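Based on the provided sequences and hints, a complete structural model is requested.
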Amino acid sequence: MYAALWRILPGPVWLRLILLLILIGAAVYALITWGFPWVQSIVDNQEVTIEQ
Amino acid sequence: MSSDSDGSIPPTRAARRAAERAAEQSAERDALAARQPAVPSATPPEEPEISEIPEEGDSSTTDSPAQTRRSSDPEPAVLRGTGPEAPPGVPAAAEVAPAENPAVPEESAPTIETLFGLNEPATAPQPIPAPDESGRLPEPHTVAMAAAPATSASTGTGKRRRKRPFEGFSVIGAFGEILLTAGVLMLLYLVWQLWYNDMVERGQQDGAAASLSQQWDKDAKNNPAPAFDGAAPVIPTPVDGETFASLRIPRFGESYGAPLAGGVSKAKTLDKAGIGHYSDTQLPGQPGNFALAGHRNTHGAPLNQVANLRVGDAIVIETPEGWFTYRYRNSEYVPPTAVDVLNAVPREDSVAATQSVITLTSCNPIMSTAERIIAYGLFESFTPRADGAPKSLNPVEG
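Sequences listed follow chains Y and D, in order.
Quick note on my numbering: the first sequence kicks off at 1 and runs consecutively.
Quick note on my numbering: the second sequence kicks off at 1001 and runs consecutively.
Hints listed in this document are in silico derivations from the structure and should not be mistaken for laboratory results.
One thing to keep in mind: the hints can contain errors.
As the list claims (entries may be wrong) - Below, computed lysine to aspartate or glutamate pairings styled on EDC-like, alpha-carbon distance capped at 16 Å: (1) D:K1391 to D:E1242; (2) D:K1272 to Y:D44; (3) D:K1391 to D:E1380; (4) D:K1272 to D:D1313; (5) D:K1272 to Y:E47; (6) D:K1221 to Y:D44; (7) D:K1391 to D:D1313; (8) D:K1266 to Y:E47.
As the list claims (entries may be wrong) - A few chain Y positions that, by computed beta-carbon distances, are all more than 10 Å from chain D: (9) Y2; (10) P10; (11) G11; (12) P12; (13) R16; (14) L17; (15) L20; (16) L21; (17) L23; (18) G25; (19) I32.
Stated by the list, open to error - To give an idea of the chain D side of the interface with chain Y (calculated C-beta under 8 Å), a few residues: (20) L1188; (21) T1337; (22) L1342; (23) P1346.
Since we're looking at a predicted model, the values are computed, not measured.
Every residue, glycine too, gets a C-beta built ideally from N, C-alpha and C.
And the structure:
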């Protein structure tokens, strides 16, 4: 699937690399902004309080 | 060139296509191509042939690496097998020419010229001009044709190459890529949770505490509190999630600060504000236990360094009225259900409180829910805001 992505990207190699970096950056930004906080809200297992 | 445009006969596309097809068929027939050495010069009208060549030439050029790779492959024979169909293009062109001529409209000549730079062929229909230009023409044609066999062969590879994604696209391969992606995402999540986000939220909490302090300073100037009578003010019990103070611990860093809100629910307080106040415990400066909870890791980890406290370290609660200074005394590790650490006198049941203590609770070990670390401090003094920040907030050394 990454091979297909590489093929879809237009232009010469350097342009593809730049586009690829932009895509990766956008993906990481989306993960940090929405993805990871959502995951944390689900898997978070921190207990810091004293409770009966 | 100009002479060509006027009398030239660029073929229509259909005509060209037909010519091409004819050319290919003829090419097969022309296995004996060698027989027509003279043809090329005599038949410039190879336009269609050549016009086709560039199209295939594209794929061929892109494919050239693949082709070279192929050549080393065990089965290059298959690819080359296609080659023979396109013989040294010359003969094929020769036969094409006649087919195309009839269909040629005169207007489109320039476009074809510009497209393929094959103006000369236009003269071909006219036998007379042919000879002089033919002298030149054969050269480009032969060159093109010389390339042609390669192109035709490469067209074969080109088709193969276009198929490659599908050949290479296997379920297992895609599955492997998904697994790799999942692994990278998980690593990324850990980096985010354990390092990046803690750093970001730590900064946010520090900033929030600092801006709270400034805000309270401003409020105090605009609306001065009555003169300090020596008794610590009584703070009203905060509601859930309401930020009413901030925690400053110089041992945790000069700029360390964490907003302090009512309640200890993760959703409303601990994951949002920073430190939470057990709402059924007492308030700062009052006899009894001012008990707080905070994350030791993740969500800004306000109590990350709680185990680094040393006896006598200042634990300061900053409120709009001023600063309550506690001094750290000791820690203990308890099971998560040891609620008696929240008693007015910690660990003592039904004993009337005479001292004012602070209790910090967090998880222990870090990343675990097995135990709780409890840090106790004793109330030392209250400093009204009018007097400025207390010395207990000075940076600690070592």
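Self-check item: Hints that the structure is at odds with (numbers, increasing)
Solution: 1, 4, 6, 9, 19, 23
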